[in-house]
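**Q** Could you build all of it, start to finish, from the sequences and the hints given here?
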Amino acid sequence: MSTLGILAVLALLYWLLVTLDSIRGLRLLHALPRAVKLPDKPPLVSVIIAAKEEESTILDTVQHLLTQHYPRLEIIAVNDRSQDATGTRLEELRRWSERKEGIGIPLRIVHITNLPDGWLGKNHALYQGYLQARGQYLLFTDADIIFSPGTIADAVAYMQEHEVQHLTLTPNMIAHGALLRGFVHFFLFAFSLFVRPWRANDERSRRQGIGIGAFNMVNRSAYEAIGTHKAIALRPDDDLQLGIALKRAGFKQKVLSGKHTLQVEWYRSLHEAIRGLEKNLFSGFRYSYLFALAACLGQLLFFILPWLGLLLLWDWRGAAFSVCVMLQIWLYRQMVARMIGKQASEAYQLPVSAALLLYTMCRSVWLTWRQGGIYWRGTFYALRELKRK
Numbered sequence: 001m002s003t004l005g006i007l008a009v010l011a012l013l014y015w016l017l018v019t020l021d022s023i024r025g026l027r028l029l030h031a032l033p034r035a036v037k038l039p040d041k042p043p044l045v046s047v048i049i050a051a052k053e054e055e056s057t058i059l060d061t062v063q064h065l066l067t068q069h070y071p072r073l074e075i076i077a078v079n080d081r082s083q084d085a086t087g088t089r090l091e092e093l094r095r096w097s098e099r100k101e102g103i104g105i106p107l108r109i110v111h112i113t114n115l116p117d118g119w120l121g122k123n124h125a126l127y128q129g130y131l132q133a134r135g136q137y138l139l140f141t142d143a144d145i146i147f148s149p150g151t152i153a154d155a156v157a158y159m160q161e162h163e164v165q166h167l168t169l170t171p172n173m174i175a176h177g178a179l180l181r182g183f184v185h186f187f188l189f190a191f192s193l194f195v196r197p198w199r200a201n202d203e204r205s206r207r208q209g210i211g212i213g214a215f216n217m218v219n220r221s222a223y224e225a226i227g228t229h230k231a232i233a234l235r236p237d238d239d240l241q242l243g244i245a246l247k248r249a250g251f252k253q254k255v256l257s258g259k260h261t262l263q264v265e266w267y268r269s270l271h272e273a274i275r276g277l278e279k280n281l282f283s284g285f286r287y288s289y290l291f292a293l294a295a296c297l298g299q300l301l302f303f304i305l306p307w308l309g310l311l312l313l314w315d316w317r318g319a320a321f322s323v324c325v326m327l328q329i330w331l332y333r334q335m336v337a338r339m340i341g342k343q344a345s346e347a348y349q350l351p352v353s354a355a356l357l358l359y360t361m362c363r364s365v366w367l368t369w370r371q372g373g374i375y376w377r378g379t380f381y382a383l384r385e386l387k388r389k
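First residue of the sequence shown? That's 1 in UniProt numbering, and the numbers climb one at a time after it.
The hints are simulated quantities; they were obtained by calculation from the structure and are not laboratory data. We treat Cβ as the ideally placed atom computed from N, Cα and C, and that holds for glycine. Each hint can be trusted.
Across the chosen pairs, the derived CB separations fall in these ranges:
1) Asp117 - Val323: 50 to 60 Å
2) Thr3 - Ala382: 36 to 46 Å
3) Pro116 - Leu20: 41 to 51 Å
4) Glu265 - Pro106: 23 to 33 Å
Below 27 Å or equal to it, Euclidean Cα-Cα: the simulated DSSO-like pairs (lysine-lysine) are:
5) Lys279 - Lys387
6) Lys342 - Lys259
7) Lys387 - Lys230
8) Lys252 - Lys37
9) Lys259 - Lys37
10) Lys252 - Lys41
11) Lys100 - Lys41
12) Lys279 - Lys230
13) Lys230 - Lys252
**A** Shown next, in the form of structure tokens:
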């Protein structure tokens, strides 16, 4: 058998296996249900937001949180060394909320001016927010998320009914323009095949955990038991690592779709998306060049080569690659629809999106190696310290 024939067989086996696993897994992934009833004494929830140079989005996020229907809520917004008007906007919003009738949700602002050694800025900001929080439940969220009014009430009701210590939600991801939308959806697709998020819903396993930055709600005692954000102080993928740590510690975890309750415009342009992912893709490979190489080769073999095989081959190898492409398209549409509620009509862009992600992965590794670390929101973090942590 030729080398190309072997590659065709490998690709076909991969897509058959991953499709079977994903079909079973997607059955475990449901949308967050509406709360039928809250407990008589609902627990206090502390919403903690880290914001750095977020003047264009932070007001919408906090204002939507101030309209939540949940009766016991506090919001702690942490201004992490912002050089723009983020801090000013937050203080103005705090004063407005205190004067506004009908808003009974306290809003506290924490201003950070210095970053201690051994911390990534966002992780340190979230930890400082935790130190100010009084809630039994802690909700870590990003500064650009839009919440529907019943989101937190629905989440608390679900956690209490199902005795869940950690709940994370996938948001509806807004992307303007076909190329950007295809890239964002493909990243979600490839990431999901890599981490298998639905496995977090399997209570028999402690291996597969997940956390999503848009919505990480955790029982306070569970968060403290894993060492808080101190345990992941230098992880750029702090949201994912938080979920992994909680699952491995044996806490009950659920990942649900928040497609009807949360939305985020992750990136405003394709260039911004590629630049944004540069900082943390290499961390997903544990800063291992060998692991990164394997991931890049897998991206080339399983996601890109089958499309090229359609153009170059007219024999059984071409037929094998055709099946790979059909499975890839079908599974992509199913996964995007289940997780974020989109029809994924841009599936025809899959080879382009896969090539763009491959480029981003390679660039992330190369830039981290060349710089000796990563730049994130204006702060440099050395690779040797990132690997040590």
